[in-house]
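S.K.: Below, each chain spelled out in residue letters.
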Amino acid sequence: MMPVLELHGVVKEYPGAPPIRALAGVDLTVNSGEFVVVVGPSGSGKSTLMNIVGALQRPTEGTVRIDGMATSSLRDGRLSAVRGRRIGFVFQQFHLIEGMTALENVSDGLLYAGVKRRHRAERAKEALTMVGLGDRITHRPGALSGGERQRVAIARALIADPAIVLADEPTGNLDSVNGAAIMTLLRDLNSAGRTVVLITHDRDIASAAPRQVAMRDGLIVDDSKGVAA
Amino acid sequence: MSDTVFAPLPDSPFAEPSSNGDREGPSSVTTAGVGKSRLRPSDAVRVGSVGLRTRPLRTLLTALGIAIGIAAMIAVVGISASSRADLLAQIDDLGTGLLRAAPGHSMFGDESTLPEKARATAGRVGPVTEAAGLTYTPATVRRSDYIDSGETGGIAVIAADRNLLEATRTKLASGRYLDTTSPDVPNVVLGSDAARRLGITSIANHPQVWIADDEGLGQWFDVIGILESSPLAPELDSAAIMGYGVADALYETTTSPSTLFVRADPSQIEAVRAVLARSVNPEAPNEVDVSRPSDALEARAKTDAALRNLLLGLGAVALLVGGVGITNVMVISVLERRGEIGVRRALGAGRRHILTQFLAEAGLLSFLGGTAGCALGAAVTAIYAHQRGWVLDVPIAALAGGAGVALAVGLLAGVSPAIRAARLDPAEAIRPA
Chain A
1 MMPVLELHGV
11 VKEYPGAPPI
21 RALAGVDLTV
31 NSGEFVVVVG
41 PSGSGKSTLM
51 NIVGALQRPT
61 EGTVRIDGMA
71 TSSLRDGRLS
81 AVRGRRIGFV
91 FQQFHLIEGM
101 TALENVSDGL
111 LYAGVKRRHR
121 AERAKEALTM
131 VGLGDRITHR
141 PGALSGGERQ
151 RVAIARALIA
161 DPAIVLADEP
171 TGNLDSVNGA
181 AIMTLLRDLN
191 SAGRTVVLIT
201 HDRDIASAAP
211 RQVAMRDGLI
221 VDDSKGVAA
Chain B
1 MSDTVFAPLP
11 DSPFAEPSSN
21 GDREGPSSVT
31 TAGVGKSRLR
41 PSDAVRVGSV
51 GLRTRPLRTL
61 LTALGIAIGI
71 AAMIAVVGIS
81 ASSRADLLAQ
91 IDDLGTGLLR
101 AAPGHSMFGD
111 ESTLPEKARA
121 TAGRVGPVTE
131 AAGLTYTPAT
141 VRRSDYIDSG
151 ETGGIAVIAA
161 DRNLLEATRT
171 KLASGRYLDT
181 TSPDVPNVVL
191 GSDAARRLGI
201 TSIANHPQVW
211 IADDEGLGQW
221 FDVIGILESS
231 PLAPELDSAA
241 IMGYGVADAL
251 YETTTSPSTL
261 FVRADPSQIE
271 AVRAVLARSV
281 NPEAPNEVDV
291 SRPSDALEAR
301 AKTDAALRNL
311 LLGLGAVALL
321 VGGVGITNVM
331 VISVLERRGE
341 IGVRRALGAG
351 RRHILTQFLA
361 EAGLLSFLGG
371 TAGCALGAAV
381 TAIYAHQRGW
391 VLDVPIAALA
401 GGAGVALAVG
411 LLAGVSPAIR
421 AARLDPAEAI
431 RPA
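If you're matching them up, the sequences are chains A and B in order. Per the working numbering, the first sequence starts with residue 1, numbered consecutively. Per the working numbering, the second sequence starts with residue 1, numbered consecutively.
Errors might be hidden in some of the hints.
Unchecked claim - Here are the computed distance ranges between Cβ atoms for each label pair:
1. His-139/A to Val-391/B: 53 to 59 Å
2. Arg-55/B to Thr-129/A: 27 to 33 Å
3. Thr-129/A to Leu-335/B: 50 to 56 Å
4. Arg-55/B to Asp-76/A: 24 to 30 Å
5. Ala-375/B to Asp-202/A: 35 to 41 Å
6. Leu-412/B to Glu-98/A: 50 to 56 Å
What the hints assert, rightly or not - Partial pick of chain B residues on the chain A-facing surface, computed with a CB cut under 10 Å:
7. Ser-37
8. Leu-311
9. Val-343
10. Gly-348
11. Arg-351
12. Ala-372
13. Asp-425
14. Ile-430
Derived by calculation from the structure, the hints in this document are not laboratory data. Idealized CB from N, CA, C, for every residue including glycine.
All chains, full assembly: derive it from the sequences and hints.
M.R.: Have a look at this one:
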């Protein structure tokens, strides 16, 4: 199996006196097609790990390779492209843009890839149908339920065909029924071959996952699969 | 949800994740070598319009500031251009072929006159088509003999040639001008201001005026005509005009003109001007003042510039205030839309795409206001010109300039907020507040 994500000795410090060390030397390898749940209490470094994995931040030390690309040397334009095309983000707050329809929100997943508008719309429609929202394409986020909004967000994350789907507490703002449906959707995506990295503090979700990575104080303290990749 | 739904489909977003650029066509998402993020110009405009559409009232009010500034500037330019067009049309109508010759610095009541032969000698100059004189008399005109002789109302009593109206292109408002029957009968024609001051608006009731000489001896005159205002011979406006015959009989007025109007072919006017003084008063040509009345109108067409620039300056201030308003609203917009900025960064937007988005938003906002301002300014000009009876003239260059200036102001106003937006750390922006 090909690794789609490789972290070696990753340290992330935030400026301060003394500096705050959010990640204190993390090694993590995720192979294509894996379903990995990163679990840990708040302050354990999960969010920072997600920022680093999602190329939203650069590490202070160590190397990060996303789908084979080392991100530390990339300038903003290319790093942004890595985010846009290799990572599909799913957030706890959905982060849909008000004032745009579900279709437009999903289309914007390809906006910065230079795909023509017509093609974006075609693929967005297809993606919305796949997540079961074919009849909601002209709805604005305000007119959708929480579960529907998260489905729109997942459709947006998938439209650019990313190497990794990176979900940060995707069920955090949903009731248990909708939360379970979203988890089923993510597992189905994984069954279809998609690599999924899910970050949560929910032990129940973590325990059901094939691979769990437990974090504490900026370090990986347990990896159910073992450190070796 | 069954697995079959997610069975890999060719070219579907749910297809087996690919690690190579195996999609076809220019629109394919290449995954072999990621390259740079990009944003099509048409998409930049669309993305820039989302924020405006989401908050229509705010957009409207912010654009209004720019609209008012641009409207003021367009109206100033338009009204000034229309006024100028009207003056030029007037000049065209009156002709530039009129010269006015007067002895020295002749003023009201001045006894100095040109030689009696002046109109004949002027008429002999080749391109001259018309030469008409007028001579001031010491008489005064009043509504009746009960009114004190000092109450002249500033109206001069003059004797004039029968071709004076043709020469000066003065029109009759009502009645008729002095004709062949009138030199010896007590008829008088009133200038526009003179008629107004005497309270005579029409000749329908055969009005009469009392005209007395400097010793108080007077008689009634029939008013046979009223003139329109004369732009080229403004002295006619406040005059009561009679024939030379009557003036000679009553006040011993000679035919030596106080003022001589000479109409000539406009293309020859400078040549005529050069020789006119010498031909009307060969003995003392340097005592003859020759002027061209249409020059005053042409000067007026130019003197509006100072006022226009002042008003343009005021419009520019309004525009500046509008620009500050845009900056203000954009700063708020950036603060409110941190989440959107974060998610766009996550979707692949580079810093410059965020910059472009907010610049486009500010530019669109201002351009919108500018376009509305152009329409408003043109409408104001049209209404004003219509009221004044002018020809409407809103220069296309002013409209294009107005829209362009508005766009420039918006882009400038958007620079600082857009840079703020672009500099936001994506990880910070995406974190819930």
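S.K.: Each hint needs a verdict: does it hold in this structure or not?
M.R.: Consistency of the hints with the structure:
Range check, His-139/A to Val-391/B: about 55 Å between beta-carbon atoms, so the 53 to 59 Å window is met. In this structure the hint that Arg-55/B and Thr-129/A lie 27 to 33 Å apart at CB holds, the actual value being about 31 Å. Take Thr-129/A and Leu-335/B: their Cβ atoms lie about 36 Å apart, and the range 50 to 56 Å is violated. Taking the beta carbon of each, Arg-55/B and Asp-76/A are about 29 Å apart, inside 24 to 30 Å as hinted.
For Ala-375/B paired with Asp-202/A, a C-beta distance near 58 Å fails the hint of 35 to 41 Å. For Leu-412/B and Glu-98/A, the Cβ-Cβ distance of about 28 Å falls outside the hinted range of 50 to 56 Å, so the restraint is violated. For the restraint placing Ser-37/B at the interface with chain A, the shortest Cβ-Cβ distance is roughly 4 Å, inside the 10 Å limit, so the hint holds. Look at Leu-311/B: its Cβ only gets to about 39 Å from chain A, farther than 10 Å, so that hint breaks.
Taking 10 Å as the C-beta contact cut-off toward chain A, the hint placing Val-343/B at the interface holds, the least distance being around 4 Å. For Gly-348/B, the shortest C-beta to C-beta distance to chain A is roughly 2 Å, which falls under 10 Å, so the interface hint holds. For the restraint placing Arg-351/B at the interface with chain A, the shortest Cβ-Cβ distance is roughly 5 Å, inside the 10 Å limit, so the hint holds. A least Cβ separation of about 22 Å between Ala-372/B and chain A goes past the 10 Å threshold, and the interface hint is therefore violated.
The beta carbon of Asp-425/B comes within 8 Å of a beta carbon in chain A, closer than 10 Å, and the hint placing it at the interface holds. Restraint check, Ile-430/B versus chain A: the minimum CB separation of about 7 Å is within 10 Å; hint holds.
Going through the hint list in order, the structure does not satisfy hints 3, 5, 6, 8, 12.
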